[in-house]
Amino acid sequence: MYLIKEARFLAPDIKLFRIEAPRIARKRKAGQFVIVRVHDEGERIPLTIADSNTDDGTVTIIVQNAGKTTRLLNMMEEGDSVLDIVGPLGDPSHIENFGTCVVIGGGVGTAIAYPTAVEMKTQGNHVIGIVGSRNKELFILEDEMRATTDAFYPMTDDGSYGEKGFVTNKLAEICEKQKVDFVLAIGPIPMMRAVANVTRDLGIKTVVSLNPIMVDGTGMCGGCRVQIGDETKFACVDGPEFDAHLVDFDTLIARNSLYKEKEQKDLAEFQANPLVVLEQVRHQCRLDQVEEAIKARN
Amino acid sequence: MDRLPPKERMKISRSSMPEQDAKDRARNFLEVNLGLPVLAAQHEAQRCLDCADPKCVGACPVGMQINDVVTLVLDGDFIGAAKKIREDNVLPAVTGRVCPQENQCEGACVLGKKMDAVAIGYIERFVADYERETGNVGLPDLKPSTGKKVAIIGSGPAGLSCAGDMAINGHDVTVFEALHEIGGVLVYGIPEFRLPKDIVKNEVENMKNMGIKFETNVVVGKTITIDELMTEEGFDCVFIATGAGLPKFLKIPGEHLGGVYSANEFLTRVNLMKAYDPEKYDQPIYDCRGKNVAVVGGGNTAMDSVRSALRLGAKNAYIIYRRGEDEMPARKEEVHHAKDEGVQFMTLVNPVSFLGDEKGNLKVAHLQRMELGEPDASGRRRPVPKEGSDFEMPLDVAIIAVGTGANPLVQSTTPDLDTTDRGYILADEETLATSKPGVFAGGDIVSGSATVIRAMGAGRKAAKAMHEYLTAQAPV
Ligand SMILES: Cc1cc2nc3c(=O)[nH]c(=O)nc-3n(C[C@H](O)[C@H](O)[C@H](O)COP(=O)(O)OP(=O)(O)OC[C@H]3O[C@@H](n4cnc5c(N)ncnc54)[C@H](O)[C@@H]3O)c2cc1C
Ligand SMILES: Cc1cc2nc3c(=O)[nH]c(=O)nc-3n(C[C@H](O)[C@H](O)[C@H](O)COP(=O)(O)OP(=O)(O)OC[C@H]3O[C@@H](n4cnc5c(N)ncnc54)[C@H](O)[C@@H]3O)c2cc1C
Ligand code: SF4
Ligand code: SF4
Ligand code: FES
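Quick mapping for you: the protein sequence lines, in order, are chains A and B. Counting from 1, one number per residue, gives the positions in the first sequence under my numbering. Counting from 1001, one number per residue, gives the positions in the second sequence under my numbering.
Derived from the structure by calculation, the hints contain no laboratory data. Careful: at least some of the hints might be erroneous.
[Said to hold, decoys possible] With a straight-line cut-off of 25 angstroms between C-alpha atoms, the simulated DSS-like cross-links for lysine-lysine are: (1) Lys262(A) / Lys1149(B); (2) Lys1280(B) / Lys262(A); (3) Lys1149(B) / Lys1007(B); (4) Lys233(A) / Lys1251(B); (5) Lys265(A) / Lys1149(B); (6) Lys233(A) / Lys1023(B); (7) Lys1197(B) / Lys1143(B); (8) Lys1083(B) / Lys1197(B); (9) Lys1055(B) / Lys1083(B); (10) Lys1359(B) / Lys295(A); (11) Lys1149(B) / Lys1436(B).
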């Protein structure tokens, strides 16, 4: 079991957790992720490591409500534990001094892009940040992104904050005005595809972080396979970052909707009684703690 | 029970395994084989001729002293028999269920020449189950602590058997496992209906009681490297038993479609994540109810996948295999069980491509008939496509079970570890020592996909060499 040392909402549906996992905290690099299993009947879900602290051995994850598992996790508080966390998985981001980089985050993708933006800056890049969200309420990590970028552009779909429009509008505008050497885009699949379409003709090297459905995260199941050009890659070990211009986004979208029915059913059942489920998970967790303590004493 | 004279013994016919009715079991995940009752087990033991030179023992990859075990069973000393078994085999409840006995111990039994071999697997299973059910485990005695630290990477049968032997020798053993459960293929691959997971759990508890430590959620190569284990964490010796877990695909068009799975993914969802109980567990699996499901392959993995699909409610469950039934590598019992349950066998057939609908889900398989040509490197006749024999069949789920390869995570992060050109770890045949001092390797990661008991045999072999390596070092 892995203790939650801090839990706080960044936006109504987005929560930050610091979880005790010293081995992972020591090794992790920007761009890597963990797989979490909240409780014994739960599924394994991948989440990017947003930050880590080697002093107190914690890793930070930032979780957006999607279906049952993320919502259940987002109800957990400081002092609760998750059953399993494994990592750091995936290849770290490829970081070098490209020159001028545009780092684009959409929604919770900002949390995934943020650690890489920090590294890019450290390597001496001129870093431009563009962050998009549906509205002002959902805007996350603004202070952090502002502090690590040389220029920062907030965008909202409804204009309630920053400029009204999509991140791609801003990107196209920037590319017209200045030379851009590298683009990193992380967010919803349609956003990443749109970014790839903007930079393809301009010949700007562009990397996206893919989010296929995963199970083990170690290359064992092949469920996370994605089409990159004419090659099949396993996103958990060959990625999750890939050349945006080679990604087959249609296949990714289709594969990600494979389990819609079961996901919706589980979510509906969960939402009918979320507190009951949370209590069961906490109860089991306490039982396990007692059992562990007894064993340790014997 | 007194031994009958040889003539009388040879009159007894081989016991048959009581099993769940085929119609019922094809729709549930409960164990198929029910195990022999006491009298039947002793009856079966009577058939053994107690050979002076028991061929069966030599054919068991861990050299289990079968004739001695049989004698103890006849004496009614079942716990003694269990203890005898455990001298060579730490997972008897597992091997009694999943060993391909017809190619190993039973295949060599002298009785087999004239009649049916002694049902060694059934007897072994009986003894192990008796021990577990009565709660009287015949745990071996441990030698005094040596103070040496041993790391085992991977908790499949190779890792577990090495851990057991090293603990008996007094070493401080920690097993590191990437997944959240201990057992390797025994928990993520082989289904509940063939090997109930509680049995594996129970064996792991026994090992914990022997002082062995288990750390789950550690992916060696990612979470920590072998070098870090040996320097920063002070492990004196390492055994790599990471299995052959990399799934192979057919590399044909349409394999990205929804509904196309590797056997590893399908079985992991079903077994490790318990997707067969969707009311209780969250991890989803493609809804097989009323669907056409085909498994490509002819090994144990293929049989496990197809029988799981049937239990998940498939309307039609097919095996598609490019050679003939005689060439199938699966255990004979599994093939029979699959047939009894209603699995349809399409042999000498191979998929050419998969076609999907507008949503990206599998709908049709394009197939080709094969015929057997000249023998290939494996000695089996090579299948060659028959010209103009293409045909299509409606298909919703395809599970690819055509073998696995070596996962590179450990090898690629351990620079001084020599590997074969296919990525398996090179180890000395006798000692299983690798090119890296203090590091040994065995099981499927060295041999390629083999069997549970062969992996356990490798674990023991390595343990012997590792113990010698550690005792040759200056005492702490
Ligand atoms: C490498 C990687 C890094 C990620 N990082 C983050 C992050 O930092 N923060 C964050 O909020 N989300 C992240 N995600 C997405 C997150 O894993 C999913 O939102 C989560 O699995 C949804 O689970 P659920 O039960 O809440 O929703 P469900 O209702 O089960 O599913 C909702 C959707 O999430 C996706 N999904 C479901 N199960 C999985 C799974 N096992 N693996 C991957 N995707 C799945 C599917 O597209 C599905 O349609 C990441 C995904 C990947 C692959
Ligand atoms: C579906 C299926 C059915 C089978 N049926 C039979 C049968 O009926 N009879 C039979 O005799 N054999 C059978 N086999 C074969 C048998 O299971 C294997 O030969 C045997 O399990 C190999 O044992 P192993 O210990 O080498 O590896 P595995 O059992 O594969 O265990 C390896 C373990 O190492 C872990 N691991 C991998 N990489 C890392 C890492 N980097 N860090 C930490 N841990 C890691 C894995 O998660 C896994 O738990 C079957 C195999 C399959 C897949
Ligand atoms: S371990 Fe396997 S091969 Fe050895 S005696 Fe038992 S069933 Fe036979
Ligand atoms: S070979 Fe057969 S008959 Fe002889 S000891 Fe072994 S099991 Fe008994
Ligand atoms: S998640 Fe299983 S191979 Fe990537």
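Going through the hints against the structure:
no. : hint                    : verdict
1   : Lys262(A) / Lys1149(B)  : 46 angstroms, violated
2   : Lys1280(B) / Lys262(A)  : 12 angstroms, holds
3   : Lys1149(B) / Lys1007(B) : 54 angstroms, violated
4   : Lys233(A) / Lys1251(B)  : 12 angstroms, holds
5   : Lys265(A) / Lys1149(B)  : 48 angstroms, violated
6   : Lys233(A) / Lys1023(B)  : 41 angstroms, violated
7   : Lys1197(B) / Lys1143(B) : 30 angstroms, violated
8   : Lys1083(B) / Lys1197(B) : 22 angstroms, holds
9   : Lys1055(B) / Lys1083(B) : 21 angstroms, holds
10  : Lys1359(B) / Lys295(A)  : 51 angstroms, violated
11  : Lys1149(B) / Lys1436(B) : 17 angstroms, holds
When held up to the earlier numbered hints, the structure conflicts with 1, 3, 5, 6, 7 and 10 and fits the remainder.
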